[in-house]
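Hey, can you work out the whole structure from these sequences and the hints?
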Amino acid sequence: MSHSIRKIKRRFWDEMGHDAACPIHFTEEDLQNHMRDAEGFNEQADFWDRMEGFIARDGWVSNERYEEALDSFANLREEHLKQLTGEERSDFEKQSRWAERNVDRTDGS
Numbered sequence: 001m002s003h004s005i006r007k008i009k010r011r012f013w014d015e016m017g018h019d020a021a022c023p024i025h026f027t028e029e030d031l032q033n034h035m036r037d038a039e040g041f042n043e044q045a046d047f048w049d050r051m052e053g054f055i056a057r058d059g060w061v062s063n064e065r066y067e068e069a070l071d072s073f074a075n076l077r078e079e080h081l082k083q084l085t086g087e088e089r090s091d092f093e094k095q096s097r098w099a100e101r102n103v104d105r106t107d108g109s
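Counted from 1, the sequence shown has number 60 at position 60 by the UniProt record's numbering; the numbering is strictly sequential.
Hint data in this document are derived by calculation from the structure and do not stem from the laboratory. For each residue, glycine too, the CB sits at the ideal point set by N, CA and C. One or more of the hints may lead you astray.
Unchecked claim - In silico SDA-like pairs for lysine to any residue, Cα to Cα no more than 20 Å straight-line:
no., residue 1, residue 2
1, Lys7, Asp49
2, Lys82, Ser96
3, Lys82, Glu100
4, Lys82, Ser72
5, Lys82, Asn63
6, Lys82, Arg65
7, Lys82, Trp98
8, Lys94, Gln83
9, Lys94, Gly59
10, Lys82, Glu64
11, Lys7, Arg36
12, Lys94, Ser72
13, Lys7, Ala20
14, Lys82, Gly59
15, Lys94, Glu79
Stated by the list, open to error - Label pairs and their in silico Cβ distance ranges:
no., residue 1, residue 2, range
16, Arg57, Lys94, 43 to 51 Å
17, Trp60, Gln32, 33 to 41 Å
18, Glu52, Pro23, 17 to 25 Å
19, Arg65, His25, 44 to 52 Å
20, Glu28, Glu52, 35 to 43 Å
Given below as structure tokens:
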């Protein structure tokens, strides 16, 4: 939403015919946070674009490609865990256990 507000302010505020200055202001920190968040969003979108035809955005994968998909996510998980530290690493490790290698997937856990 902040992206839309910034866009309206930047492109259309003067054209709207208001005499007063726009009442919405963004600090430099707000702008930097927005850019960081947008970059993360774009990285995720790019990832799912690369997976198109293999794994759907909702996570669906055909039975024939399930093991291949799980192996791909296990590789991604291992690479990402190497880059994280502390609480962020611990949280990611817990959230991505479903993609661990050598897990007995028939035990229901």
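Which numbered hints are broken by the structure, listed smallest first?
-> 1, 5, 6, 10, 14, 16 and 18
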